[in-house]
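Asks: Next come the chains, spelled out residue by residue.
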Amino acid sequence: METDDAILMERAQAGDADAFRVLVERYSARIFRLAYRILGDEASAEDAVQETFLRAYRSLARFDARSQFGTWLHRIAANTSVEILRKNQRQRSRQERSIDEGTGEAAPLSSRDPGPDRRALSQEVERAVRGALSDLSPMERAAFVLRHFEGRSIAEICGALGLRESAGKQAIFRAVKKLRRVLEPLYVPQANREVLP
Amino acid sequence: MRQLRDEDLILYYYGEAEDPEEVRALLESSPELSARYEALRRTLETAGEAFPVPERPESYGAEVWEKLQPALAPRALTPAPSPEPGEGRNKSLRRFRLLPFSPSPARRERGPGGEGRWIGLAAAAVLLLVVGFLAGRLWPRPDEARIAEQGAFSSEARQRILVRTVATHLERSERLLTELANAETDGSFDISAERQWAEDLLTANRLYRQSTQRGGRPMLSSLLDDLEPFLLELAHGPSEIAAEDLRDLRARLEEQALLFKMRVVSQRLERDQQSL
Chain A
512 METDDAILME
522 RAQAGDADAF
532 RVLVERYSAR
542 IFRLAYRILG
552 DEASAEDAVQ
562 ETFLRAYRSL
572 ARFDARSQFG
582 TWLHRIAANT
592 SVEILRKNQR
602 QRSRQERSID
612 EGTGEAAPLS
622 SRDPGPDRRA
632 LSQEVERAVR
642 GALSDLSPME
652 RAAFVLRHFE
662 GRSIAEICGA
672 LGLRESAGKQ
682 AIFRAVKKLR
692 RVLEPLYVPQ
702 ANREVLP
Chain B
35 MRQLRDEDLI
45 LYYYGEAEDP
55 EEVRALLESS
65 PELSARYEAL
75 RRTLETAGEA
85 FPVPERPESY
95 GAEVWEKLQP
105 ALAPRALTPA
115 PSPEPGEGRN
125 KSLRRFRLLP
135 FSPSPARRER
145 GPGGEGRWIG
155 LAAAAVLLLV
165 VGFLAGRLWP
175 RPDEARIAEQ
185 GAFSSEARQR
195 ILVRTVATHL
205 ERSERLLTEL
215 ANAETDGSFD
225 ISAERQWAED
235 LLTANRLYRQ
245 STQRGGRPML
255 SSLLDDLEPF
265 LLELAHGPSE
275 IAAEDLRDLR
285 ARLEEQALLF
295 KMRVVSQRLE
305 RDQQSL
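Chains as they are written, first to last, in my numbering: chain A, 512 to 708; chain B, 35 to 310.
None of these hints come from the bench; they were simulated from the model. Errors might be hidden in some of the hints.
So, partial list: chain B residues that the calculated Cβ filter (under 7 Å) puts toward chain A [claimed, not checked]:
#1 THR77
#2 ALA96
#3 TRP99
#4 LEU102
#5 LEU266
#6 HIS270
Derived Cβ-Cβ restraints for the label pairs, each shown as a range [said to hold, decoys possible]:
#7 A:ALA528 to B:ASP259: 17 to 27 Å
#8 A:GLU695 to B:ALA96: 37 to 47 Å
#9 A:ALA528 to B:PRO272: 22 to 32 Å
#10 A:ASP575 to B:GLU79: 48 to 58 Å
Just so we're clear, the structure is a prediction, and the values are computed from it rather than from any experiment. Positions of the beta carbon are idealized from the N, C-alpha and C atoms, including for glycine.
For reference, chain B alone in the conformation it holds in the complex (with noise of 0.2 Å):
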C-alpha cells in the first residue's frame, strides 16, 4: 500500500490529489492518516476563518472609480513633436532634456542640439540624482505629522508643524511632478528614481491627508487627495516611461491645474508659516 506523504493530503484537501479515489480509500482503512488528515483539515479551515477582510462599504466600487477617473483621462491628448531631421541616433540623448515647465506642450521650446544636449544631460542626470538623494535625506519625515497628532504639543504647535511638514510635502510633489512634466522625450523614459521618490511620497502624502483632515484643513486635504493617484500611479508603475504616458500624464496634470494649485496653497502656506 502506498504510503501518503503530507503534500498527498494537501491535494487531496484541495481537491487536486492525481487519484482522489486512492486516498480516500486509504484514509478510511487507516485512523492514524485519517485523524493526520484531520489535523491538516482543521488548521486549514481555520486559517480560512482567522484571516478576517475588513468590509468595504456598498459604495466602495464608486468610491474606487472616483479615485481612478482623472488616470484615466483619453490618452495623447496631444500629438507627439515630429522628430527634428537627423535626431534619430540622438533619440536616447533627447529623453533626458529637460525643459522649462509651460502650460502646454504646443508651446513648449526646444532645447539648442548638438553639444548642449550633451550638457543638457549631464545635468538633468545630476539634477535627478541630487535632488532625489536631498529629498530622501534632508527634509522632515511623515512622522513629524504624526507626533504632531499625538497630542505632545499645544495646538498651537501642532499647527505650525503641520504646516511646515505639509508645505515641504507640497514643495517636494511639486517638484517632482515639474521634473516629469518638463521631461521631453519621443523614447521611452527611465523612472526608476522618480519611482523611488514617488513611492515616500505616496506614504507621507496618505499620512497628511489624514491628519489634515482631522486638523480641520478640508481645502488642503483635498488637495492631497487631488495629488495621490498621480504619485500612485508613479509609485507603482514601470521603472520606464513610454513618451506616450508621459504627454499623458502632463496633460492630466494641465486639465486638472494640479501644478497650479500646489504653488498656490505652497504661496499660502509659508504665510501661514510666519504667521504661526
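Extracted from the complex, chain A is given alone in its bound form (with noise of 0.2 Å):
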C-alpha cells in the first residue's frame, strides 16, 4: 500500500530524502503533463519539473501540513512554468527582432505550414490548439489548462497564480474564446448537420 503523501511530507520536513524521493517520483509525470500544458514543449516543461521540486524542497519547512500536498506542489508546477514560459516569450521576442534585423536566421516556414492538403484533420485541429493557447498570456494559460486539464476550480485557480476571481474567470473567458474562433470554423459542416435536421 502506498504511503500517505502528508506521512511522506512530514518526514521529507524531517530531513528525509528517501520520503522526498517517493514524492518525486510519484508526482513527476504529473507534474510534466501539467507544464507541458502550459509550455508547449517537452525540453521546458523537464526543466519546469526540475525547477518545481528544488522549489518544494527549498520550501519544505513553510509547507503547511493541513494543506494537501498534490495541491500545493501543482501550485509550485504552475507558477514555475508561467516563469519559465514568460522568459521563454521574451526569448523568442528577441530572436524575432533579430531575425527582422537580419542578424539571424529565419525558422523554415514550412515547418508551420506544411500545406493543407497533406494534413490530416486532427493534426490541423491540434495544430490550431496549440495556435490559439500560443496567443495567449502566460497567466491566461496556466489559468485555462489547470481549470480545462486539470480540473481545478476558478477560486483553486485564482488561489495559485495569485488573481482575484474576476481576472481569473476573464482569463479562461479569453481562452475559450480565442479556441472557438479558431475551432469552429473546422467544424462548421458537422455542426450544421447536428444542429439542422
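From the two separate chains plus the hints, produce the assembled complex.
Replies: Encoded structure:
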C-alpha cells in the first residue's frame, strides 16, 4: 500500500531524503503533464519539473501540514511554468527581432505551414489548439490549463496564481474565445448537420 | 427570461454556474441556446483531445530524482564566516567582493578592508558586466554545433566544430560557476546578470549534451549532464541569492569536483583542437 503523502511530507520535513524521493517519483509525470500543457514543449516542461521539485524542497519548512501536498506542488509547478513561459516568450521575441534585423536565421516556413492538403484534420486541430494557446498570455494559459485539463476550480486557480476571481474568470473566457475562433470553423459542416436536421 | 451570455455557458460547462438549474432549464427551452452550448461543448472537448502530452516512461520519476539529487545536497555544509568587527555598515559592499577561487570556504582568504572593498566592488561589478556582455556577443552560438551535425561538413570538420564550440561553452560555464563560487557575501547577492548568462548556457548545454551523445563522446556528454542541474538552478532561480544558498552551491560544486573536471576536460579539448 502506498504511504500517504502527508506522512511522506512530514518525514521529508524532518530531513528524510528518501521520503522526498518517493514524492518526486510519485508526482513527476503529473507535474510534467501540467508543465507541458502550459509550456507546449518537452524540454521546457522537463526544466519546469526539475525546478518545481527544487522549489518544493527549498520550501519544505513552509509547507502547511493541513494542506494537500498535490495541490501545493501543482501550485508551485503552475507558477514555475508561467515564469518559464514568460522567459521563453521574451527570448523568442528577442530572436524574432534579431531575425527582423537580418542578423539571425529565419525559422523555416515549411515546418510551420506544410500545406493543408497534406494535413490530416486531427493534425490541423492540434495545430489550431496550439496556435490559440500560444496566443494567450502565460497567466491566461496557466489558468485555462488548470481549469480545463486539471479540473481545478476557479477559486483554486486564483489562489494558486495570485489572481482576483474576476481576473481568473476573464483569463479562462479569453482562452475559450480564442479556441472557439480557431476551432469552430473546422467543424462547421458537422455542426450544421447536427443542429439542422 | 434571462439572456445567457457565452461566459455563463462556459461557467456552466465547467460546473461553476451560479445557478446551474436555471441554465439547464433555459437550455431545454431554447433550441438556439442549446445549439450554442453544443458548439461550445464540442470546441472544448476537441481542445482537450487535441493536445496530447508526450508519454513519460515508467522510470521517469526515478530519472527526475537522479537529476535532482545533486541539487538537494544538505544545506549549510560549511559555517558562515563570522563578521569582522564594524563590518555591519559595509555589508552591502562585502557581498560584491570576489575572491580567488579556493577549494574550501574555510581556507578562503579574506580580502582587504576599507578602500580595498570599494575597489573590489567596482572591479567585480565591471568584471561581471564585461564578462556577461562578451559571453553573449563574442562566443560561438549553439547553432554551430547543430549545423555541424547536419551533414554539411565532413566528419573531421564536424568533430572540429563540435570540439571548438563545446570547449568554448565549458570555458564560459566554468567562468560563471567560478565567479559565483568565489563571491563572498553575508547578505544576499544580486545575480540577475549571472542568471541571464546561465539561461543562455542552459539552452546551449542541452544541445551540446545531445550532440556529444550522438557524436560518440560519452564522457563529455556526462560532464555536460552534471553541469546542467547547476545551470538550471541558476537560470530559473531568483535574481538574488542568499549567503546560505551561495555556500550551498559552493559546497555542491566542491563535492562533485565539477570545476576541476571542467578544467581537465577543457585542457583535453584544447589538445584535441590542436590535433584535429
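Asks: For the hint 48 to 58 Å, verify it against the beta carbon of ASP575 of chain A and that of GLU79 of chain B.
Replies: 36 Å Cβ-Cβ, so the 48 to 58 Å window is violated.
Asks: Hint validation: LEU266 of chain B versus chain A, beta carbon distance must be below 7 Å. Holds or violated?
Replies: Holds. Min distance 6 Å.
Asks: Identify whether the interface hint at HIS270 of chain B stands, where standing means a beta carbon of chain A within less than 7 Å of its own.
Replies: Check passed: Cβ of HIS270 of chain B comes within 5 Å of chain A, closer than 7 Å.
Asks: Holds or violated: THR77 of chain B as interface residue toward chain A, Cβ cutoff 7 Å?
Replies: Where the cut-off is 7 Å and the nearest Cβ of chain A is about 5 Å from THR77 of chain B, the hint holds.
Asks: Can we keep the TRP99 of chain B interface hint, with Cβ of chain A closer than 7 Å?
Replies: At 5 Å from the nearest chain A Cβ, TRP99 of chain B passes the 7 Å test, so the hint holds.
Asks: Does the Cβ distance between ALA528 of chain A and ASP259 of chain B fall inside 17 to 27 Å?
Replies: Since the Cβ atoms of ALA528 of chain A and ASP259 of chain B sit about 21 Å apart, the hinted range of 17 to 27 Å holds.
Asks: Should the hint that LEU102 of chain B touches chain A count as held when the rule is a Cβ pair under 7 Å?
Replies: Since chain A brings a Cβ to about 5 Å from LEU102 of chain B, closer than 7 Å, the hint holds.
Asks: With respect to the beta-carbon atoms only, verify the hint that ALA528 of chain A and PRO272 of chain B lie 22 to 32 Å apart.
Replies: holds, 23 Å
Asks: Return holds or violated for the Cβ distance of GLU695 of chain A and ALA96 of chain B against the range 37 to 47 Å.
Replies: Since the Cβ atoms of GLU695 of chain A and ALA96 of chain B sit about 43 Å apart, the hinted range of 37 to 47 Å holds.
Asks: Taking the least C-beta to C-beta distance, is ALA96 of chain B closer than 7 Å to chain A?
Replies: Holds, about 6 Å.
When the structure is compared with the earlier hints, a violation turns up for hint 10 alone.
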